[in-house]
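Protein chains: 2
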Amino acid sequence: MKLLFEPRSVAFIGASNDPEKWGFRILANLIDGGYQGKIYPVNPKGGEILGWQVYATVADIPETPDMAVIVVPPQQVAGVVRECAAKGVQAGIVITAGFAETGDEKLEQELADVARRGGMVLVGPNSQGIVNTQAKLYPQIPPLFPQTGHIAAVSQSGAIIGNICRHLIMRGFGCSKCISSGNEADLHTEDYIEYLADDPQTRVMLSYLEGIKDGSRFFKVARETSKKKPIVLIKSGETDAGAKAAKSHTSALAGSDAVYQTVFRQTGIIRVRNLYEMLDTALAFLCHPLPRGRRVGIVASGGGAGVLAADACAKLGLEVVELPEETIKELDSFMPAWWSRGNPVDLVAGTFGEGPLRALEAVVKSPVTDGVILLGLIPAVRPPARVTEYSSEGDRKRIQDDMVTRLVGLYDRIAEMMKTYGKPVIIGSELPAVNAAFTQQMNKALADKNYVCYTMPHEAATAFAMLARYAEFLNLK
Amino acid sequence: MKLLFEPRSVAFIGASNDPEKWGFRILANLIDGGYQGKIYPVNPKGGEILGWQVYATVADIPETPDMAVIVVPPQQVAGVVRECAAKGVQAGIVITAGFAETGDEKLEQELADVARRGGMVLVGPNSQGIVNTQAKLYPQIPPLFPQTGHIAAVSQSGAIIGNICRHLIMRGFGCSKCISSGNEADLHTEDYIEYLADDPQTRVMLSYLEGIKDGSRFFKVARETSKKKPIVLIKSGETDAGAKAAKSHTSALAGSDAVYQTVFRQTGIIRVRNLYEMLDTALAFLCHPLPRGRRVGIVASGGGAGVLAADACAKLGLEVVELPEETIKELDSFMPAWWSRGNPVDLVAGTFGEGPLRALEAVVKSPVTDGVILLGLIPAVRPPARVTEYSSEGDRKRIQDDMVTRLVGLYDRIAEMMKTYGKPVIIGSELPAVNAAFTQQMNKALADKNYVCYTMPHEAATAFAMLARYAEFLNLK
Numbered sequence: 002m003k004l005l006f007e008p009r010s011v012a013f014i015g016a017s018n019d020p021e022k023w024g025f026r027i028l029a030n031l032i033d034g035g036y037q038g039k040i041y042p043v044n045p046k047g048g049e050i051l052g053w054q055v056y057a058t059v060a061d062i063p064e065t066p067d068m069a070v071i072v073v074p075p076q077q078v079a080g081v082v083r084e085c086a087a088k089g090v091q092a093g094i095v096i097t098a099g100f101a102e103t104g105d106e107k108l109e110q111e112l113a114d115v116a117r118r119g120g121m122v123l124v125g126p127n128s129q130g131i132v133n134t135q136a137k138l139y140p141q142i143p144p145l146f147p148q149t150g151h152i153a154a155v156s157q158s159g160a161i162i163g164n165i166c167r168h169l170i171m172r173g174f175g176c177s178k179c180i181s182s183g184n185e186a187d188l189h190t191e192d193y194i195e196y197l198a199d200d201p202q203t204r205v206m207l208s209y210l211e212g213i214k215d216g217s218r219f220f221k222v223a224r225e226t227s228k229k230k231p232i233v234l235i236k237s238g239e240t241d242a243g244a245k246a247a248k249s250h251t252s253a254l255a256g257s258d259a260v261y262q263t264v265f266r267q268t269g270i271i272r273v274r275n276l277y278e279m280l281d282t283a284l285a286f287l288c289h290p291l292p293r294g295r296r297v298g299i300v301a302s303g304g305g306a307g308v309l310a311a312d313a314c315a316k317l318g319l320e321v322v323e324l325p326e327e328t329i330k331e332l333d334s335f336m337p338a339w340w341s342r343g344n345p346v347d348l349v350a351g352t353f354g355e356g357p358l359r360a361l362e363a364v365v366k367s368p369v370t371d372g373v374i375l376l377g378l379i380p381a382v383r384p385p386a387r388v389t390e391y392s393s394e395g396d397r398k399r400i401q402d403d404m405v406t407r408l409v410g411l412y413d414r415i416a417e418m419m420k421t422y423g424k425p426v427i428i429g430s431e432l433p434a435v436n437a438a439f440t441q442q443m444n445k446a447l448a449d450k451n452y453v454c455y456t457m458p459h460e461a462a463t464a465f466a467m468l469a470r471y472a473e474f475l476n477l478k
Numbered sequence: 002m003k004l005l006f007e008p009r010s011v012a013f014i015g016a017s018n019d020p021e022k023w024g025f026r027i028l029a030n031l032i033d034g035g036y037q038g039k040i041y042p043v044n045p046k047g048g049e050i051l052g053w054q055v056y057a058t059v060a061d062i063p064e065t066p067d068m069a070v071i072v073v074p075p076q077q078v079a080g081v082v083r084e085c086a087a088k089g090v091q092a093g094i095v096i097t098a099g100f101a102e103t104g105d106e107k108l109e110q111e112l113a114d115v116a117r118r119g120g121m122v123l124v125g126p127n128s129q130g131i132v133n134t135q136a137k138l139y140p141q142i143p144p145l146f147p148q149t150g151h152i153a154a155v156s157q158s159g160a161i162i163g164n165i166c167r168h169l170i171m172r173g174f175g176c177s178k179c180i181s182s183g184n185e186a187d188l189h190t191e192d193y194i195e196y197l198a199d200d201p202q203t204r205v206m207l208s209y210l211e212g213i214k215d216g217s218r219f220f221k222v223a224r225e226t227s228k229k230k231p232i233v234l235i236k237s238g239e240t241d242a243g244a245k246a247a248k249s250h251t252s253a254l255a256g257s258d259a260v261y262q263t264v265f266r267q268t269g270i271i272r273v274r275n276l277y278e279m280l281d282t283a284l285a286f287l288c289h290p291l292p293r294g295r296r297v298g299i300v301a302s303g304g305g306a307g308v309l310a311a312d313a314c315a316k317l318g319l320e321v322v323e324l325p326e327e328t329i330k331e332l333d334s335f336m337p338a339w340w341s342r343g344n345p346v347d348l349v350a351g352t353f354g355e356g357p358l359r360a361l362e363a364v365v366k367s368p369v370t371d372g373v374i375l376l377g378l379i380p381a382v383r384p385p386a387r388v389t390e391y392s393s394e395g396d397r398k399r400i401q402d403d404m405v406t407r408l409v410g411l412y413d414r415i416a417e418m419m420k421t422y423g424k425p426v427i428i429g430s431e432l433p434a435v436n437a438a439f440t441q442q443m444n445k446a447l448a449d450k451n452y453v454c455y456t457m458p459h460e461a462a463t464a465f466a467m468l469a470r471y472a473e474f475l476n477l478k
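Protein sequences, first through last, are from chains A and B.
Residue numbering for the first sequence follows my numbering, beginning at 2 and increasing consecutively.
Residue numbering for the second sequence follows my numbering, beginning at 2 and increasing consecutively.
There could be a bad hint or two in this list.
Copies of the same chain look alike in the list, so a pair counts if it fits in one copy or across any two.
Stated by the list, open to error - With a Cα cut of at most 30 Å, we get these calculated DSSO-like pairs of lysine-lysine: (1) K22 with K398; (2) K316 with K214; (3) K22 with K107; (4) K398 with K137; (5) K88 with K107; (6) K445 with K398; (7) K22 with K330; (8) K330 with K107; (9) K88 with K46; (10) K229 with K450; (11) K3 with K39; (12) K316 with K420; (13) K3 with K214.
Hints listed in this document are in silico derivations from the structure and should not be mistaken for laboratory results.
Given the structure is predicted, the values throughout are model-derived calculations rather than measurements.
Bound-form chain A, shown alone (with noise of 0.2 Å):
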């Protein structure tokens, strides 16, 4: 598997000059994402595409390539994977759909017994491709190109991926790994968990699944794997109407929601809803440390988001606990005389400075909470008093320059906290902008840290909730 990661030489079979082909859509995003190693398209009509030699076919190319991208017709899949393992390639990845999925299982499994006869690994069919962050290796159809980071995903639906991707930029973070499995006639979701359990790059794994082929194996690997790294996964498919879409297309068999259920429950995979859920989860578990329990303490600046955020936590089975008469009176010492002096702790609208950190410190150090959600950050950013103050270009830049120093200090600050009493803060806050280029500018500014901010109170219960899940099967295992 190193081979599909790390390849030194890549063969593009089915390249193309036609733009509107993935067989130079995808060329073009292995070459523009930067791309080291050697490239050989293959094609019939031979002459050059996007500036590398193209080959007639894979036995005409000079070398053993490490790896094969595959986008030529259904029927003729198998006679190139024949030929790519004939020239001793051992990793392929198959673009082209139109197998299991349109109901074609025998043309699959011949696929797979071909590339298995071979010796070939191979991803998908139907797959959208694979990247390597690394490596700089995107061979995929999505012209996205994530940075470095630490979530790797592996997806039964390319979209998906994504989707995932697209996110992640979106709020400033990276990947490690992203793999499209496709319709996995011969590579399946476990081996890829497992392959990425041992990945030093990755910390966090997502998954999104139609259907496992091979349940024994998938049980004994995701129960191995959540050991060492959380592993965060979509199961669709979960109601009649799911699974028969899923049947048409990967052709998976959803089969029974309750018993994937008990084997998610048993190999401690923290299952999510939708892809926000997901996405939050991971960032929860790349951003805090694990709580040692379900106790929260909730600080807000704004009393409708701690009534929210303690409705969501009740209904996530957290404890909003009572806060202790030494906490009450640390908060007395220096709260506004009208603070109501119970979990939530409400900041009151107006607390400006010092306040809130002290009162974040007193909650998070109090003995009975495992860890702190942090509401409001607004006012602690300090945003300029009058809109007017952005009048010209240069005062804004420097004002938004700023205010993400500021942003970025309190983080730094909370960071020194988490470490200290070794208990996650989670923040759910509004950033100080209405202007989405400035709200990715301090996304990205977090995110560069490991930092990141939650908008909804409820989705910082749900980033609670998940690292108190996963540390309850740590603690059990």
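Using the hints provided, position chain B relative to the given structure of chain A.
Same frame as chain A, now just chain B:
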């Protein structure tokens, strides 16, 4: 209440020259928002604030202001309201906190009594202010200036009004009126709902509720209003933890959630679980006709999204219908041979040009569907084949503007379809950018024509379910 939202003049009691104080910031927002009427800052020190002459007392103001904003310390509020009433002022907003929410029920009762005896209606106390975009009236704490639009919001939490405004702006939409109702000593949520029911600018109402003070009036008003326009509502304090938090936030008695749930069902209120669902639902009502029933067609470019949407629909009680022979036949006539022949209709990665629209129309006009969810717009918008085409700034702008035009053109045709067949087409798709500014540009161009693009399949399914729920209420009423 007209004087509250369309005042010809505003007294601002507790005006300040200190940019750290609400007495400065709110006044600055009132001015910066472009309010055209007269402003009378009041402060015993006199002088001038932000260019307006300051009066020592309300009595000194040379005319009777239509409305008063009150930002003085809690103990002085009742006295100020008495002065306002003596001056003939008929409407006021009390920003000041420190009343029932901190346990001082007596102070709050006194305030309500003084206002009623003086013939004044009061917003608050503990309000963050109000907004009337048509009058360019923004006397509120956060420096947010949404444009005119058709969504109104009433919230017992000020910060949540801020959340709503911020997200509407980020997504390119405006609003009609916003009210941070605070502790509701005098005017209650139901009073605002009653007013907004007849506000021609308002087409959808949002409400964040912690508790109701006059249940029977709320019930009556909500039921009558729901017949005219949808009310989308979050009721927090659902859980014990949340209810306790609500008590110390706005002194609201959250009450039994089961009772609330019954009230919401019977009054046609659309209850949602969180702020994202609230915004998604509001935009669903703004941008689509209501479906006649719960039968959904799904058209997806990307099988995984189709599976997720089918699951989400089934979980929400929507029916992912079997397509009849005639619809399958029509699709057969132009879809690639290997298409899935079922619902979801998988467009199969790579279907460019007219294909997606023809497939969509076939499913929209199919007699078995009440509406359609369309997933995955990106191929239809035809982003450039290579990221390197963006190399110069001028190229990038040209390509981006061209994509915006194509996107809006696509929506125009889908809007036409919705009109022709009287069914909603709800779009869930990434937009083709990983650049937040460009994404915001696209969303803004859509919003300007009342078009919305959801991102995730489950959001589109939720939007459909909310429309169906409201349609059922209207049919039963």
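Structure-based check of all given hints:
1. Taking the shortest Cα distances, K22 and K398 sit within 30 Å of each other only across copies (25 Å), while inside one copy they are farther apart (42 Å).
2. In this assembly of identical chains, K316 and K214 lie within 30 Å of each other by CA distance solely across copies; the values are 25 Å between and 34 Å within a copy.
3. Only within a single protomer do K22 and K107 lie at most 30 Å apart by alpha-carbon distance; the minimum there is 26 Å, versus 74 Å between protomers.
4. For a Cα distance limit of 30 Å, the shortest separation of K398 from K137 across copies, 27 Å, qualifies, whereas the shortest one inside one copy, 32 Å, does not.
5. With identical chains, the CA atoms of K88 and K107 are at most 30 Å apart within one copy only, with a shortest distance of 25 Å there and 89 Å across copies.
6. Proximity of K445 to K398 under the C-alpha cut-off of 30 Å is found in both arrangements, the shortest distances being 16 Å within a copy and 23 Å between copies.
7. Taking identical chains as interchangeable, the C-alpha atoms of K22 and K330 lie at most 30 Å apart only when they sit on different chains, with a minimum of 27 Å there against 68 Å within one chain.
8. Only between protomers do K330 and K107 lie at most 30 Å apart by alpha-carbon distance; the minimum there is 26 Å, versus 73 Å within a single protomer.
9. For a Cα distance limit of 30 Å, the shortest separation of K88 from K46 inside one copy, 20 Å, qualifies, whereas the shortest one across copies, 91 Å, does not.
10. Proximity of K229 and K450 under a CA criterion of 30 Å is satisfied intra-copy only: 23 Å inside one chain copy versus 50 Å between copies.
11. Taking identical chains as interchangeable, the C-alpha atoms of K3 and K39 lie at most 30 Å apart only when both belong to the same chain, with a minimum of 17 Å there against 73 Å between chains.
12. For the identical chains of this complex, K316 and K420 are intra-copy neighbours only, at 28 Å inside a copy versus 41 Å across copies, given an alpha-carbon limit of 30 Å.
13. Within a single copy, K3 and K214 get their C-alpha atoms as close as 23 Å, which meets the 30 Å cut-off; across copies the closest is 66 Å, which misses it.
The structure shown violates none of the earlier numbered hints.
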